[in-house]
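K.L.:
Using the sequences plus the hints, can you model the full thing?
Quick note, the sequences are listed as chains A and B, same order. Start counting the first sequence at 1; every next residue gets the next number (full-length UniProt numbering). Start counting the second sequence at 1; every next residue gets the next number (full-length UniProt numbering).
Careful, some of the hints might be misleading.
[What the hints assert, rightly or not] When the alpha-carbon atoms are kept at most 30 Å apart in a straight line, the in silico DSS-like pairs for lysine-lysine are as follows:
1. B:K530 - A:K94
2. B:K129 - A:K32
3. A:K48 - B:K530
4. A:K140 - A:K174
5. A:K140 - A:K31
6. B:K523 - A:K31
7. A:K31 - B:K530
8. B:K530 - B:K105
9. B:K105 - A:K141
10. A:K160 - B:K140
11. A:K174 - A:K10
12. B:K105 - A:K143
13. B:K105 - A:K94
14. B:K523 - A:K141
15. A:K160 - B:K530
In case anyone wonders, no lab produced these hints; they're calculated from the structure.
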Amino acid sequence: MASRRRTLLKVIILGDSGVGKTSLMNQYVNKKFSNQYKATIGADFLTKEVQFEDRLFTLQIWDTAGQERFQSLGVAFYRGADCCVLVYDVNSMKSFDNLNNWREEFLIQASPSDPDNFPFVLLGNKVDVDGGNSRVVSEKKAKAWCASKGNIPYFETSAKDGINVEEAFQCIVKNALKNEPEEELYMPDTVDVVGGNRGQGSSGCC
Amino acid sequence: CTTPTNEPRTLNLNDGAIDQRRSLCWTTEKASPFLIHEIFQNPGQTQPDLIILIPSSSSLAARELPTSQTERPRRRTAAPRRPATARAAAATMGATPFDFDFDHKRDVYGFAVRPQHLQRFREYAKIYKEEEDERTHRWKDFLDRLADSADLPSTPSIHAAAAGDAESAEKSVKEEHHEAENTDTDTNLEYLKEADGNEELGDVNGEPDDIKGVTSNLEKPKEDSSSRGADCDEDDEEEGEAEERNIKIECVDQVDDNDESIEAKGKPEDFDDVAGNSEKLKEETSADYVTPNKASEEFKEINEGSEEIKVINGGSEGFKDQNGGSKELGEVNNDNFKRFEETPFDKGLLDELEPIKVESWRRVRASLSIIEKMMSSRVVKRNDTANAISGEVATQLASIEEDRAVEETHEGNSAEESYDAEKVDRSQDGAPGDSTSVTLEGDNGGSYFPWREELESLVRGGVPIALRGEMWQAFVGVGARKITGYYNKLLDERTDVLDEKDLKDQVVNEQKSSPKKDPKPEKWKGQIEKDLPRTFPGHPALDEDGRNALRRLLTAYARHNPSVGYCQAMNFFAGLFLLFMPEENAFWALVGVIDEYFEGYYTEEMIESQVLLIF
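P.N.:
Pasting the structure below:
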């Protein structure tokens with residue numbers, strides 16, 4: 001298999017249920033906000049073409065279910081991620097407290113080659129709510145946490161108002177690329193489901 | 001069965017992106033017995049894919065039916081048309097989802113059509129409607145035939161119940177049932193002769209037709225009762241036919257005693273009555289079913305035995321009814337019999353007696369009840385104290401793990417019952433392989449249902465919306481699962497915290513990580529609250545009442561099955577059920593689907609879901 005320049009970046013969005021993962025993804029990809037999102041079951045993803053330093057990338061953003069028990073499915077989704085986006089709700093201390101858990105769980109399940117330097121980005125979402133009056137996690141506190149985890153980039157966002165979303169994802173792309181810089185990346189054999197020329201069935205069903 | 005896709009998207013139930021009609025077959029060990037058939041993919045529809053779950057036997061899953069099955073000429077039946085009640089029955093969340101509503105940009109289910117799909121939706125709407133009409137016609141024809149041919153015992157009884165005239169109702173049931181038996185059980189008689197070679201049968205052969213039919217039904221239980229050493233008095237049974245009412249009471253007494261339960265089953269006339277009203281009986285009796293006494297527990301065991309017999313002997317419609325009836329009786333306390341005798345047919349009175357807190361329960365229409373019976377044979381009630389929500393409602397539902405559970409029961413029982421099992425096996429071996437005899441449809445409890453293939457074919461073609469809610473219930477076996485009062489009991493358990501204000505407090509508490517006041521926090525509560533507005537957002541049915549219903553439903557299920565509690569995705573199941581059926585029906589449908597069809601998928605570990613993802 002010939003190696004080729006990488007064009008696909010896989011990004012995982014993690015965080016507690018209801019912090020706005022789906023909203024952030026949709027705001028970034030579709031530039032839209034709806035207050036009628038459904039609860040995400042399992043995982044979903046959207047792709048977006050992004051240009052970075054004169055190169056074109058396909059950003060594949062994986063939106064995951066926030067309920068805790070869905071973490072057990074993580075290994076299937078996390079594998080091969082280039083960057084992990086942690087999201088919490090600045091109006092919910094619990095969602096902030098759970099960040100450790102999400103991060104560790106990700107590192108366990110995705111088992112990246114260099115866990116200490118794996119790129120994370122932290123987003124504190126819903127800064128628009130109630131004009132910031134209902135906020136319970138201060139920026140200072142969040143930044144302190146980021147510092148303790150190896151200077152994770154931090155953004156305060158509002159998916160609703162589109163605040164900082166573009167900037168955050170620019171940073172995410174940058175970090176995803178930083179993960180394995182300028183390397184001629186090896187792409188594993190893709191499984192050709194459609195062609196069916198191979199002897200063995202690649203389908204898991206039926 | 002097609003491989004859905006290699007994308008992980010298929011797991012996402014709430015993803016509106018699945019646009020094409022297709023079947024999914026999940027091949028994990030747990031899921032494989034079931035064919036998951038998606039129907040009605042509307043272009044632009046934003047709701048989760050509608051799925052119907054069909055317990056499959058090998059024949060069901062594997063075989064495509066010849067088209068002749070579906071295109072058989074339609075026979076006009078003489079039966080009076082039954083009023084379509086589904087429309088009224090559904091939409092308990094407040095919507096009337098069964099209309100095309102182009103102006104308001106909603107599909108027939110009440111879901112908003114995405115603007116970008118609206119054009120296509122309108123283009124297809126006419127075709128869709130034509131198809132739906134055709135489907136409706138086909139199903140109606142099928143159900144009419146079904147009601148005419150196979151389901152006479154229960155159909156008239158329901159009519160009678162509506163009339164509220166117990167006496168005449170019973171008579172009409174009787175008469176019509178005799179007719180049915182004449183035709184239905186003749187073939188079965190032969191089968192029994194071959195299988196059992198019973199001497200008594202020869203004697204009775206000389207009798208008039210209807211007696212013959214009845215006696216053929218008696219055959220099996222008789223064999224059973226003698227093996228139990230209970231005395232089975234032939235005269236009594238003859239009498240039973242002449243003096244149904246007396247014997248009925250007598251029969252009930254026998255059941256009370258429990259020792260002679262099997263003999264009691266040998267009186268098909270009595271039990272036909274019972275079976276025709278089995279649901280009602282269940283409602284009636286389990287309402288009073290406070291503490292299961294030892295006797296009724298024993299009886300239940302015996303009845304699990306009879307469940308297996310039913311599988312073997314299912315060729316006889318009448319016998320099936322007996323078993324159905326006696327199964328119900330298994331839950332009946334002695335005290336309840338009195339009430340049962342007083343108001344065996346009075347549905348109206350029953351409703352009065354039963355205190356209903358939430359808008360709740362509705363029976364499946366008569367013509368579907370036979371389908372429900374077929375499917376319900378899979379559902380067995382047994383004691384499961386580990387899961388019991390409280391000592392007072394000790395009867396837990398549990399799915400019959402094919403025949404295994406039954407066999408285990410036999411193993412655990414006395415030598416006598418093991419002997420029964422052997423006997424049953426033997427007669428099973430002796431069953432002739434021709435189509436008129438019992439075809440043991442896998443482990444499915446598949447009794448003699450000649451229309452089964454046609455039904456499968458119809459289901460593949462889609463269930464008309466008006467029928468869908470009831471069909472789901474019939475397939476999941478809601479009627480057989482239901483324990484009256486259980487749902488309300490679950491909700492009552494902590495009425496205090498079900499209060500709206502407390503719930504909000506709870507959510508706030510959780511979010512602010514403040515110490516919890518509740519010593520036994522129901523940790524799924526916050527998640528349910530989060531997901532209520534995120535279930536079919538924007539759907540007109542999910543107004544305040546709709547959300548309250550959804551909350552009750554999910555809360556009740558979480559308490560019913562604490563090992564699962566609440567898992568995201570159940571909200572969509574529950575919401576969907578609520579669109580199609582009353583709240584309590586929806587609860588039992590949810591119980592059936594999550595407990596049985598998706599066992600292991602939604603537990604904390606989500607083992608089955610992991611398996612699903614890996615493959």
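K.L.:
Are the hints correct? Go through all of them and say.
P.N.:
So, going through the hints one by one against the coordinates:
This hinted pair checks out: K530 of chain B and K94 of chain A have alpha carbons roughly 14 Å apart, not beyond 30 Å. Distance hint between K129 of chain B and K32 of chain A is unfulfilled; the C-alpha atoms sit about 33 Å from each other, more than 30 Å. Distance check on the hinted pair: K48 of chain A and K530 of chain B sit about 29 Å apart at the alpha-carbon level, within 30 Å; holds. In summary, the hint linking K140 of chain A to K174 of chain A is supported, as the alpha carbons are separated by about 24 Å, within the 30 Å threshold.
Straight-line distance between C-alpha atoms of K140 of chain A and K31 of chain A comes to about 29 Å, which keeps the hinted pair within the 30 Å bound. For the hint linking K523 of chain B to K31 of chain A, the alpha-carbon distance of about 35 Å lies beyond 30 Å, and the restraint is violated. Between the alpha carbons of K31 of chain A and K530 of chain B the distance comes to roughly 24 Å, so the proposed pair stays at or under 30 Å and holds. For the proposed pair K530 of chain B and K105 of chain B, the alpha carbon gap of about 27 Å is at most 30 Å, so the pair holds.
Restraint check for K105 of chain B and K141 of chain A: not satisfied, since their Cα atoms lie roughly 47 Å apart, outside the 30 Å limit. A hinted pair counts as satisfied when its Cα atoms are at most 30 Å apart, and K160 of chain A with K140 of chain B does not qualify at roughly 49 Å. For the suggested pair K174 of chain A and K10 of chain A, the alpha carbons sit about 12 Å apart, so the restraint of at most 30 Å is met. Distance restraint check for K105 of chain B and K143 of chain A: the Cα-Cα separation of roughly 46 Å exceeds the 30 Å cut-off, and the hinted pair is therefore not satisfied.
With a C-alpha separation of about 39 Å, the suggested pairing of K105 of chain B with K94 of chain A is violated against the 30 Å cut-off. Using a Cα cut-off of 30 Å, the hinted pair K523 of chain B and K141 of chain A holds, with the two alpha carbons roughly 27 Å apart. With a C-alpha separation of about 18 Å, the suggested pair K160 of chain A and K530 of chain B falls inside the 30 Å cut-off, and the hint holds.
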